[in-house]
Every structure is written in C-alpha cells, then in structure tokens.
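Peer 1: Sequence:
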Amino acid sequence: MSDAAQNRSPLVSVGIPVYNEAKFLDETLASLLAQDYARIEFIISDNASTDETPEICARAASTDPRIRLLRSETNEGSTANFQRCLDAAKGELFLWAGGHDLWSSNMISSCVAALQAVPGAVVAVPQSRWIDASSQPFGDEASILDTRGMEPLARLFTLLWANMHPIYGVIRTEALRKAGLIPNFPGADLVLLSKLILQGEFVPAFSAIWSRRQTRAQETHEERQRRYKSDLFKIGKSAFPMAQMTFVLLKSVWSSPLPIADKLAFTLAFPGQLPARYLVARRRVA
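Under our numbering, the first residue of the sequence shown is numbered 81, with each subsequent residue one higher.
Bear in mind the hints are in silico, worked out from the structure with no lab data behind them. Quantities reported herein were computed from a predicted structural model and do not represent experimental measurements. One or more hints might be untrue.
To be verified - Once the Cα atoms are required to be at most 25 Å apart in a straight line, the calculated DSS-like pairs of lysine-lysine come out as:
{"no.": "1", "residue 1": "K170", "residue 2": "K258"}
{"no.": "2", "residue 1": "K103", "residue 2": "K170"}
{"no.": "3", "residue 1": "K258", "residue 2": "K343"}
{"no.": "4", "residue 1": "K331", "residue 2": "K343"}
Turn these sequences into a full structure, and let the hints guide you.
Peer 2: Laid out in structure tokens, this is it:
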C-alpha cells in the first residue's frame, strides 16, 4: 500500500486494559505491534497493577511511539478501565484487546476491509479460538456472527443467543460512543452489543483470527458471579443482576428508532427467553 493510501486509511485505536498481565503481556504486545495495518494507536490503560506490568508497558512504549500509557494509582474496576481506553481513543475505529490474547497479523487490516465493504456495518467480527497458557489452540472455534441483510429486529434476536465475542471486534468509534457508557453489571456486554447491533450490521472478517487465552481454571456460574463482584473486578453488586440487565436492555430498545411494532414484539418475546438463557449460563463453565 502506498503512503498516500495509508494516510487515507482510518486510524484504528487499540485499547488494552490491563491488570497484573505480566505473564503474557510481552507476547500480547508483540502480536499487536506486528499488525500489518499502518494507522494504529495503542492505548494501554493499567489499572494499578502490582506485578511487572508497568515496567513491561514502559519498555514497549519507549521503543514504539504509537503507544500511549495511562495508569490509575488505585484499582477502579475492570469496567472503568475498559471505558478509559475508549475515552482516550482518537481513531475512527476501535478495538479492545485483552492483555493476554493473540491476533493474526492481518486481524486489524481484515476487519477494516470488512467494514469498508459494508458502509452500514458497525462491527467487524474476526474468527475466534481458545488457546492455552502455551498458546496452543484447544476446543472448537466459536461461531462468527454475521447479520448482513437482516432487519434490525432480526439482528437483535440473533445476537441474544450468539456468543459475545463481537465486543472484541473492530468497532466504529462513533457507534460505541453513541451507545453510551459501558454498564457496570454482569451482562453489560450483551447490552452494549445490542445497542450497537441496532445501529448497524455485524460483518464477518473470515481471515482474521483472535486467539482468546484461557488464563484461569474452569469456574461455575456462581464462582464467576462472585469474581465479578469482588473488589478486584468491581462489576456491580446488584442482588438481581438479570433483572437489571433486562431493564436496561428493554430501555435501550424503547429509546432506539425501531418501529413501535418491533419494540412491542421484542418486549413481549424477550422475557420469555430469560429462563432458558439463565439455565444455559448456569451450566456453562469458562
């Protein structure tokens, strides 16, 4: 690609929220810095790490001017750390990147191309797979959400039973900011993705690969909820998180430009799916 073409390409902001990621962070940053897309800024937001994470980040920033470092002196919770990355972004497009994951070198370029091919799309979704501590793949590859050609209501219902991996795709920054602050409760990723999918299509980037590293032992639904509520993550402490998520999701639908008939249809149909979603979540280990 010529220099002129590169300059016309949209700037992509990569937000990297980290907390005590020293074990894999060097490998993660090497994977991100090796992207074949030219116009990228990297925003590392360190949520008061107590291991060698700050030193690793500083070392990387000293060798690559594309990296900006942000640091909190106290643990503000994971949601606030994710939000800070987005707040600092200057790019037209945005990607959240976990501090222990890996990506194919064409991850960003393929996602940008997918978005440019469908102007109404708001998220480009990569292929995703699980990797272990040795970076070896395991399990099955996750399905990739593709809502091209669907009406908004159909897109929304499709999302309800999909995985939440699109939150780690390349997203139009304007759409993310239009969706508002990231909610701080379990199920916030579904709410945020619902707001995005009502704005436009989710398109696949089949050649892009996001390798999601499993960094903790398998846990039950109850263990996961306790982890979310801990002082480390600080993801809400509501006694009824499902009810809170439902209320916010319905509020988002009713404040959207969907036709009134679609809003009514969703309001009637969605609560009936909640028991099944709850049972599936309880049986799932991660």
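Peer 1: If you test the structure against every hint from before, which numbers come out violated?
Peer 2: Going through the list in order, the structure violates hint 2 alone and respects the others.
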